Amino acid sequence: MLNLLKWPGRILWRAFFWTDDRATWQYDLWVIAILAFVWLTPPDWIGDPMAHGHGLIGWVLSLFR
Amino acid sequence: MTFTGAIGTICMFPLRAIIALCVKLRIHPNVLTFTGVVVNAAAAWALALGRFPLAGVLMIVANIFDFIDGKVARERAIETKFGGFWDSVMDRFSDLALFIGLIYLYSELHRTDYVMIAALAMMFAVMTSYTRARAESLIPKCKVGFMERPERIVLFMIGAFTNRMAAVLLVILVLSVFTVADRIYYTWRELQRAGASRPAAAGRL
Chain A
173 MLNLLKWPGR ILWRAFFWTD DRATWQYDLW VIAILAFVWL TPPDWIGDPM
223 AHGHGLIGWV LSLFR
Chain B
73 MTFTGAIGTI CMFPLRAIIA LCVKLRIHPN VLTFTGVVVN AAAAWALALG
123 RFPLAGVLMI VANIFDFIDG KVARERAIET KFGGFWDSVM DRFSDLALFI
173 GLIYLYSELH RTDYVMIAAL AMMFAVMTSY TRARAESLIP KCKVGFMERP
223 ERIVLFMIGA FTNRMAAVLL VILVLSVFTV ADRIYYTWRE LQRAGASRPA
273 AAGRL
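Chain order of the listed sequences is A and B.
So for the first sequence, the working numbering puts the first residue at 173; every next one is plus one.
So for the second sequence, the working numbering puts the first residue at 73; every next one is plus one.
Calculated directly from the structure, the hints in this document are not laboratory data.
In this text, all values refer to a predicted model and were calculated from it rather than measured experimentally.
Glycine is no exception: its CB is placed at the ideal position from the N, C-alpha and C atoms.
Mixed in with the good hints there might be a few duds.
Stated by the list, open to error - Now the stretches of chain B that chain A is said to cover, found in silico as 3 or more residues with beta-carbon under 8 Å:
1. 76–89
2. 93–102
3. 154–166
4. 183–190
5. 236–246
Construct the complete structure from the given sequences, taking the supplied hints into account.
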């Protein structure tokens with residue numbers, strides 16, 4: 173159980189204390205996470221001075237309202 | 073093959089042709105480096121005016137020059153230590169120019185929050201380079217941390233072309249903070265391991 177609890181910590185440590193090379197699957201995961209944040213976060217949520225709207229996440233949320 | 077590896081391979085096809093052309097025309101790599109900085113300054117100007125798509129195009133052109141200079145030097149067998157130094161210094165100018173363009177834009181829009189975010193991202197981008205340069209005067213290699221110059225440049229381009237510069241700046245800031253911290257920790261650990269953490273004779277308060 174303790175080992176299981178240690179896994180998220182290890183993953184986070186490895187993600188932020190980055191020692192891997194480019195063009196590895198770990199690198200790809202980071203790129204996907206970054207692109208998801210950049211493209212999916214609604215500009216209004218972060219107060220973007222140049223872009224407006226609720227973006228893709230806002231559109232999906234509006235479907236459930 | 074990973075998908076970032078595949079993108080890199082695809083991008084290399086046109087770049088190889090440009091490198092071959094520069095070698096044939098006998099263009100000096102230092103001239104290519106300087107041209108890249110001038111075009112990056114134009115990109116910074118476009119960012120300052122809020123003309124993001126134009127800035128994106130100029131950044132692509134600038135970074136083609138920046139990418140091929142070293143390759144052209146190798147192909148022509150005219151690599152020099154000064155060329156490496158010149159390239160590094162010009163890279164810092166290019167980096168700073170883009171951030172200054174954004175700082176100007178956000179100050180014109182009276183957005184102090186994003187002026188601060190861009191300024192902090194600029195500070196940590198410079199510190200990312202400095203920590204590695206200083207570390208490698210003490211240890212053989214300090215290539216740790218995710219947010220290096222190529223990642224920053226690609227993110228700037230994505231932000232410019234898709235008008236998501238605010239999110240890009242936040243990513244650059246957060247990951248640059250971690251990169252600087254990584255490099256400080258890694259250097260400390262390597263020096264501890266080497267038993268060389270005694271007070272240095274010079275360069276220490």
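Would you list, in rising numerical order, the hints stated earlier that this structure does not obey?
2, 3
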